[in-house]
Amino acid sequence: MCRVIALARSSRRVIWLPVCLGLVMGVGGYSATRGAVAFGDPALYVQCLVYAAVFCLVFPLLFSLQERFKERCVERTGEPGAEPSAGTVETVAETGAETRAVPRRALVRFEHVLHAPNLLRDASRMFVCWVPYVILLYPGILYWDTGDQVAQFFGMAVFGQEPGQIWNHHPFLDTYFYGSVIWLGHAVSGHYEVGVFLLSALHAFLACVAVSALLAYLRGRGLARGPLSGITAAFCFFPVFPIMFASIVKDTTFTIALVAWFVMYLLLVDSQLARIVRPGFLIGFVVLLLLVALTKSVGMYVMVVALLLLVVGRYKARFKTVCVAVAIGCFAFVSVVLPKTVFPRLNIVPGERQAAIVVPIQMVARVAHANPSDVIDGEKQALNEYLPMSWDEMGEKYVPFTTDPVTGYAIKDTGSVVDFAKAWLSIGLKHPRAYVQAFISVESGWLAFNGAPANNVEPQAPYPEIALQYQPLTSNALNPTTFGKLMPNVEPSRAQAAVKGLVRVLQDIPIVNVLMYLTVWALIVPVYLLYALIRRNLRRDDVMRFVPYWLVMAFLFLCPVTIQLQNDHSSPTRYAFSMLVMGVAMIGVSLLGTKADGNGPQIQQKRGFCCFRGLDRGLW
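Residue 216 in my numbering sits at position 216 of the sequence shown; the count goes up by one each step and never skips.
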């Protein structure tokens, strides 16, 4: 008991953080099963207090354990995060004699070197661990939206577009990538299933390369062998990673590009931004930045904001200027140059303007549902002209847990965004509680352990509950009127059923199933890592390394759906998958120290082991 009190006292300076998290979790958990928050219900406040008390005890305990673990690493290998020296770095590769003596061990041991040949070998080792899932899930997993994308590539009319048109509602780069690989497999074998399987295997291998680069970075920064081995094992053997990375959907493709870009971002921060003026590094950085922006629309905003925030760091002005120029240039290229020059030639239809404001639309829809008559003619006209659905239609179709019924896939170019913003603000001032209720309800899947899979508003809440866990698809869910015509849906095979059974086991095993909850990785882990950073009084650079991670988290709370609904083909697992991948990576980053030399990670040669001195002389 004394130990618990001591831990609580040691964290008094940041006690507000677990308290706030507890309040948010309490409100989110209440809303996730009711679609509303009754602020007069005593049960709500009891729930908030319990969550706050638990986090106030758990966070200091976790921090204490983490610091003790780091101290042990210091005793064994030297200070974590300091530049590895010839006397402290344990080699990952053996000498020639040792390698000949234990060839099998050398074959399976990860090298963790940020150099192309080494990355490919490490990626191959990881891919071997993932291959069973790729084979068992044959021909591969295509999500409903992905099937529609591929159908457009093959000339079908989808989303109300003309045959041959590709709608950028789902990124056109993803559409061309998926369609090209499937076309190649079909051209060679005559079966679309072969093309999907080829795409699934290639997708998974690219993910292995990106993750291997991340692990190599952690090793280069001096992460001790113990935690590095644990993180490597997690990526190799935790089933959610291979299942999701072998699944074809824009969110997993975005995650691959994000991880690869994030490694370069970390190296950039380690170098005090000095690398940004090196041509080789700059080219690779911009290419990966564009891939992130073009594989998922939100990726562009994450990257641009992350680069612009570098101006608050203590870096040389010319380096910050280049970073700002890169951010502005990439934004202009994606938002202006491509739509004006490339889209018309490739018959690509720009995405609808309303796609970025689905949550504000959901807020208006809640008012239209609860107070349909409390709107003036000017507000109603502005909304009807700008939004895909009218005020009355939104009120009738409103569902607390998803925005799809009130947004749909319609393209509407009429109306004024300024008039819409004025009407939205005016209605919100009259009904602020409805706006708050709407936001919490639609995003409650990230704020709760249990939720309601209800896709209607009747019967009245509380609704039946389900555990809000990672639920990757293990069989295809194709639209039978689009790509389903070319590759019809079939009953899940025994192998696919076995993979689904494994996922269910992980969801049910006590303690282990904590890792399967969406809120753990979407909210709790990010807040804890912020708590740990504040407790350590780290430098500004250490905070900057976490900026992309927290930005991904922030944009996660603009998702159109966060709870798996009944008879719905879209699992929110895919939206939160990047937080799982980044969360595991950031745990590794949090175990690093604070020292980083001006040239980034360096590993000196020892016992025949040679790593890299500068990324531009290694991978690039």
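Any given hint could be a false lead.
Distance condition first, Cα-Cα at most 25 Å in a straight line; then the derived DSS-like pairs of lysine-lysine [claimed, not checked]:
(1) K340 to K320
(2) K430 to K380
(3) K320 to K380
(4) K430 to K397
(5) K340 to K380
Worth flagging that the hints you see were computed from the coordinates, not collected in a lab. Predicted, not measured: the structure shown is a model, and the values here were computed from it.
Cross-check of the supplied hints:
no. : hint         : result
1   : K340 to K320 : violated (29 Å)
2   : K430 to K380 : holds (14 Å)
3   : K320 to K380 : violated (45 Å)
4   : K430 to K397 : holds (22 Å)
5   : K340 to K380 : violated (33 Å)
In summary, the structure is inconsistent with hints 1, 3, 5 from the numbered list given earlier, while agreeing with the others.
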